[in-house]
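Number of protein chains: 2
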Amino acid sequence: MIKTRNAVKTMKEYDPPTKLRAGKLRLDFNENSTGCSPKVIEKMRQITAEDLSIYPAYGELLDKICEYMDVPVSQVLATNGTDEALKCFFDTFINEKDEVIILSPSFAMFGVYADAAGADVKELLYNEDLSFPVDNLLNAISSKTRMIMFANPNNPTGTSISNDDLRKVLEKSKEFDCLVVADEAYFEFYEKSALSLIGDFDNLAITRTFSKSFGMAAVRLGFIVAKDEIIREMRKVLSPYSVNGFASTLGVVALSDIDYTKKFVAEVNKGKEILYKEFTEIGIKFFKGDANFFIANFGEDCDKIYDELKKRDILVRNRTKYPRLKNCLRIGVGSLEQTEIFLNAFKEIYTDIKGDDNE
Amino acid sequence: MIKTRNAVKTMKEYDPPTKLRAGKLRLDFNENSTGCSPKVIEKMRQITAEDLSIYPAYGELLDKICEYMDVPVSQVLATNGTDEALKCFFDTFINEKDEVIILSPSFAMFGVYADAAGADVKELLYNEDLSFPVDNLLNAISSKTRMIMFANPNNPTGTSISNDDLRKVLEKSKEFDCLVVADEAYFEFYEKSALSLIGDFDNLAITRTFSKSFGMAAVRLGFIVAKDEIIREMRKVLSPYSVNGFASTLGVVALSDIDYTKKFVAEVNKGKEILYKEFTEIGIKFFKGDANFFIANFGEDCDKIYDELKKRDILVRNRTKYPRLKNCLRIGVGSLEQTEIFLNAFKEIYTDIKGDDNE
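Order-wise, the sequence lines are chains A and B.
The first sequence begins at 77 in this note's numbering and counts up by one.
The second sequence begins at 77 in this note's numbering and counts up by one.
Just so you know, these hints were derived from the structure itself, not from any lab.
One or more of the hints may lead you astray.
Copies of the same chain look alike in the list, so a pair counts if it fits in one copy or across any two.
Unchecked claim - Derived pair list, reagent style BS3-like, types lysine-lysine, alpha-carbon separation capped at 27 Å:
(1) Lys397 / Lys95
(2) Lys364 / Lys397
(3) Lys140 / Lys338
(4) Lys140 / Lys100
(5) Lys198 / Lys85
(6) Lys95 / Lys140
(7) Lys88 / Lys303
(8) Lys353 / Lys386
(9) Lys268 / Lys173
(10) Lys100 / Lys119
(11) Lys268 / Lys244
(12) Lys338 / Lys397
(13) Lys244 / Lys339
(14) Lys220 / Lys386
Quantities reported herein were computed from a predicted structural model and do not represent experimental measurements.
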């Protein structure tokens, strides 16, 4: 038999529940649940057979990203979703047995790619209140640490690290030539970025995606911003065609209609406040989130509520098996209309369950 | 500064000339120069904003590929173009310093991924007549060899290895648990596949693509067929969303309208015969190709002919810097109409050059 690399042999497949989601109220993958800008669809309708037949080129997309981020083109790399970006950090900078710090609970693919790279993975827990464990992280960084990778805001905790704390992490990391990757998949909801720190820190890279607030998860488009030296090395490893032609064409339009995304963000923020208020009144423990989702702890009713929502075609993500998240669901927040649908269904389910309890 | 992996440090960026090709006669990237099936476009017109917002799922695509290839779903993996498939073989099976055999000249990405993996790359030259160097390859395979990767038919030589010779390669490789990857990007033109050998050889994997005969290079879709054990290990390393939603939707339609592709293949084959005949009459040395392109040697006129074609918006690929291909252009073959346009322009250019020579 063909021998698998040792690093891969012990891995398990990560197989998220992506099937049969269309037509349902999708509050489970942190997507824009109202879809992308109509201008993106309009542009898609103009794509021709010739466009499809040609290997993709990225000049216009990169120019637009540079304009949006206010950085030169030498500091940007477009990728096949954020996933490819994350993997490429390992491919470019991490040797087997190199120490990589990730946090837990967090986006599963950090761990998948770290394992596949054969890295020496140090996993630090988020604090019990789900806040970023900055002191533990500062203590953990040593001359052995080659990379730190986390999401900000983090999925699934919804919590963030402040730029002041991030600066401390970057300073200590820089001493040891350690790369810090901040995945800003939920930036448009949080509206704070590490971008301004790139000038001071050549060991910082940030990633962004079109899969969340832009409503283009199917398109697979992400990008990296970092100092030239990092981008130049990563470009060598990436396929020159890994970003598809739809992504390169439609990404430009999405960034040109940022107001559409902002309107959705405003609805999400209002929806979060409504849900926080209702959950407080009902007496459900929850953790405020800086993105378009938050964590709520339903105690022993967790699985039942998850199942009942699912029966009503309302999808949320059950995270009870994750560290720190026993009995917790991750609840996505959509438009105000969707928030109302969720809330009405939830109250009905909750009343039923509690009614049963009291019988 | 952040330390790049040693394997990557010495690499150069591979930056193919993908820019500004629309509207020109594209005989340079071996694409279907007439575009994809109209049914694919029809389906694309029906894609909605909701479709775009949802993380892609692959059930229907995988079922269709299985039907097309007549293999079970456990033997198939869809990838972000063939490129991701090729990289994934290295990620899953090749450790740093492992010996990998590739042939030269061949598809540049074999070497890029081998270098990025830090493999011990043995490069074998195609024979002087551009035929597959089967004896040299058989001699080169040893207990050290972990993987052999080649294209069949090969790009840019256009030449192939027969299944009889391939069986010899597979037998010797199997002895040493060495993986053999046959990239069948041009299968629909060649119409011969190693597929039937997978039953006998658990060390064989083949890759296919929608970028060539199907006219869908911008869509980025490829797939791997191999025994279950190989697919299962590779699935662990791949992102669960690396294939975009357009690819998963449109790939199904392309495979359902295989007659469209067959018609294009028939035109290409007629076009090749016309070009061979004309080149023979003119006295230009060429090498017959099994795919939708062939190599022609223009001696000292090579660069000039390339430039003059380009001035007329006819794109071919100058391969004069590749081993065995000094003074050679790789000429793509399109529809009969496109072949006529190419031939008329070429004759005009050639007469001009030769006229100048005789003055």
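Worksheet item: Hint numbers the structure violates, sorted upward?
Response: 9, 12, 13, 14
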